[in-house]
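Number of protein chains: 2
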Amino acid sequence: MTEDTESAPRPVIDAVRAALEQRDAPALVELMEPLHPADIADLLEQIGSGERRALLALWGREIDGEILSEIDESIREEVIASLSPEVLAEAVRELDSDDVVDILEDLEEPEQERILQSLDSEDRVAVEQSLSYPEYSAGRLMQREVVTAPEHWTVGEAIDFLRAEDWLPDQFYHVVLVDPRMKPVGYVTLGRILSARRETKLSAITEDSFRTVKATESETEVAYIFNQYHLISAPVVDEAGRLVGVITIDDAMAVLDEEHEEDVLRLAGVGDEASVNDGPLDTARQRLPWLVVNLFTASLSALVISQFEATIAALVALAALMPIVASTGGIAGTQSLAVAVRGLATRSLTTANARRIVVKELFAGMLNGLGLAVILGLAGWLIFADPMLGVVLGLAMICNQVVAALGGVLVPLTLNRLKFDPALASGTFVTTLTDVMGFFAFLGFATLFLL
Amino acid sequence: MTEDTESAPRPVIDAVRAALEQRDAPALVELMEPLHPADIADLLEQIGSGERRALLALWGREIDGEILSEIDESIREEVIASLSPEVLAEAVRELDSDDVVDILEDLEEPEQERILQSLDSEDRVAVEQSLSYPEYSAGRLMQREVVTAPEHWTVGEAIDFLRAEDWLPDQFYHVVLVDPRMKPVGYVTLGRILSARRETKLSAITEDSFRTVKATESETEVAYIFNQYHLISAPVVDEAGRLVGVITIDDAMAVLDEEHEEDVLRLAGVGDEASVNDGPLDTARQRLPWLVVNLFTASLSALVISQFEATIAALVALAALMPIVASTGGIAGTQSLAVAVRGLATRSLTTANARRIVVKELFAGMLNGLGLAVILGLAGWLIFADPMLGVVLGLAMICNQVVAALGGVLVPLTLNRLKFDPALASGTFVTTLTDVMGFFAFLGFATLFLL
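So the sequences go chain by chain: H and U. Count the first sequence with the numbering used here and you get residues 1 to 451, in order. Count the second sequence with the numbering used here and you get residues 1 to 451, in order.
Errors might be hidden in some of the hints.
The list makes no distinction among identical chains, and a pair is therefore deemed to hold if it is satisfied within one copy or across any two copies.
Mimicking DMTMM-like on lysine to aspartate or glutamate, the simulated pairs with C-alpha atoms at most 20 Å apart in a straight line are [to be verified]:
1. Lys201 x Glu258
2. Lys201 x Asp160
3. Lys201 x Asp166
4. Lys201 x Asp170
Please keep in mind that the hints were generated in silico from the structure rather than gathered at the bench.
Chain H with its partners taken away, still in its complex shape (with noise of 0.2 Å):
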């Protein structure tokens, strides 16, 4: 990256934080002047929530709808609340409807309603037609202004007629060929366009990697398809084929950055919408469900546990030794998890391949139960001058990274099969598994050999 295009350092953000104190209006614009939008919101996100009412009262007037689209959702309503009705009418216009849909989605009907009056009636019913189709759909992600030209066209044409329009989007790259009910039939690049004589027909000059999308698919599956086919732009249709808008690569980008951010947070058992800006409360309100079922989850090994009290009672070193078994188990867990939520969301773990990885995680887990029970047998024998604890080690090592490694796996693969998302808690269940077997194993084979 080079000098100019850094984004909002420590000096810049501590320079604001110092023209916020002295409330010097002046300072603070030619600060922020230079920045991005981007890094705007980002500054925005990172100060206090004082700072932020103090920095939106004297500087609230600059905020355009660049920044409102950039603008993390844990505090965009807080901004919007705060700009006059001209400003936020004025930041909005400017932008694409893509970006109104993804700024009004998570307002309140009545702010909403806001928003919708201050657009043009050509742009609100564009606006409207894509809130009308549902949450995380492809119709919610396109921008309605699609460059479209007759299938029939020649190259000539075209250009003549890109020159003639001035509604254009902002960024654009392909043109959409389009037969006479408005279905698409292929699309051109503009490098072709440009590169290709004026009597060519565009007609044979189409891309192969044409695909288009239903406005009804979900985005999950709209960011699979660029990703998978490295798409740059797609059109969308509707339940009848006709043309009603286009998806870019970057929202489909953004898409996959979303569900990358929830497959993280919910297989770690947060409301997959946290932010490092969320406050306190909203904070331990987001992680309070998950914290309540391992309370419940936990008492199943304690339970199993109470059932050897009497072995304890006799050997009270178990007690002290119990905890290594499960917890090795629940690392090997979420190992064998990671590896499969990811194959699972890349779609490299299909019905196809399910039994095969199935079983190498059964010996994946076996190996590694031989060598950390090697380690941990030799330790508890040489440590404990006992080779029957060792054993008991050993034995319940085996058993538990088996289990491990198969719940690891086998979890996520049978929520995906029930239609949950298999990130969803799978932590959560696998390692209530692996203390319940790690504990079980355990104080069982104790049991078994030592008293």
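Please arrange chain U on chain H, whose structure you already have, making use of the hints.
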């Protein structure tokens, strides 16, 4: 997605398997022919290694460059080794330089040499220059084929130039304006060129989004810039600021995808190259290191517990209850960790707001600690008919939830400060912390209040 663009579905894979069993080459060709190279790569990954050998023997001559560049690294070497020198040379020659580099960088020296020899001398020089940049740098990611124009040209001159050239890359979205010393000074989208008048100066219609990337910049930074600033392409410059190549958004999207994969896998303590396609031996080997580390960290918990053996001997029920506090702490730590690691990756957690976010975690941890303490404390009291046991459970829970919330954010922040990947091994550190603290707090309070 429309019917005709369905990726290799289960029935196709089953049909391919049947054709392989009957060694029916014509049927195989017919089945594979309609598939996209990316889907053929997926199919090769999803069948077993025996089936893959059979398929390559029967159908290997059809493998082209696009399939090679789509195929997962875990099996690419195997596929390349099976190809005849002619097929391989032909496959590689049709690729852009960035794709050739992507294939070469994971191969052994003799294989690399074999592929380099099969390229035209001009392409070979381009690829060798890219390979001279460090691994995971922008220089490795870029393609050398860039469409440039002198900064003083008009739209008409640019169009005439594009018409006359026949070496243009498959996909390009901008014309990069360069000064006489080949330093990029701006870029113009093809859409603008098409819609502007012939006599318009290119320099008058450049895009604001223009940013260059240094060839030595990390690919992580490149992915961040594309995502943050919604770039479609970015010129790459050498140390002297001269244009050496261009990176396009599809490559940046692929990097973003890999980075996420690394995060998910590293958080779970799996080598970051793990894939569902790896065999059982590789799988076991990738996972063993952190399992062994966990064996040692779990011994810390055992050591803590062993200090309280007298307490446990006096009240064996404690052994059954102690994993509850530790395990709920582990979940809370993982939650806080996931949000922090994600925040660091998206740069929404920075030095500018780290302190505020640590304080927020502290409050969130206390809130959930209090909530869980009430539930668990009441349950302990009622089930064991001992109010003091409830108090011990509750106090231990509060301590451990606070430690978990703080550890989850402080561990990755510290790793990041020390220039390590914050995702690497954070999970092991944090769960060790919550295990040790959970056992210590619970057994410590029990010793104080119950004996």
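So, going through the hints one by one against the coordinates:
With identical chains, the CA atoms of Lys201 and Glu258 are never at most 20 Å apart, being 40 Å at best within one copy and 40 Å at best between copies. Within a single copy, Lys201 and Asp160 get their C-alpha atoms as close as 14 Å, and across copies as close as 19 Å, so both meet the 20 Å cut-off. In this homomeric assembly, Lys201 and Asp166 come within 20 Å of each other (Cα to Cα) only across copies, at 18 Å, whereas the closest approach inside a single copy is 24 Å. In this homomeric assembly, Lys201 and Asp170 come within 20 Å of each other (Cα to Cα) only across copies, at 19 Å, whereas the closest approach inside a single copy is 26 Å.
When each numbered hint is compared with the structure, a violation occurs for hint 1 only.
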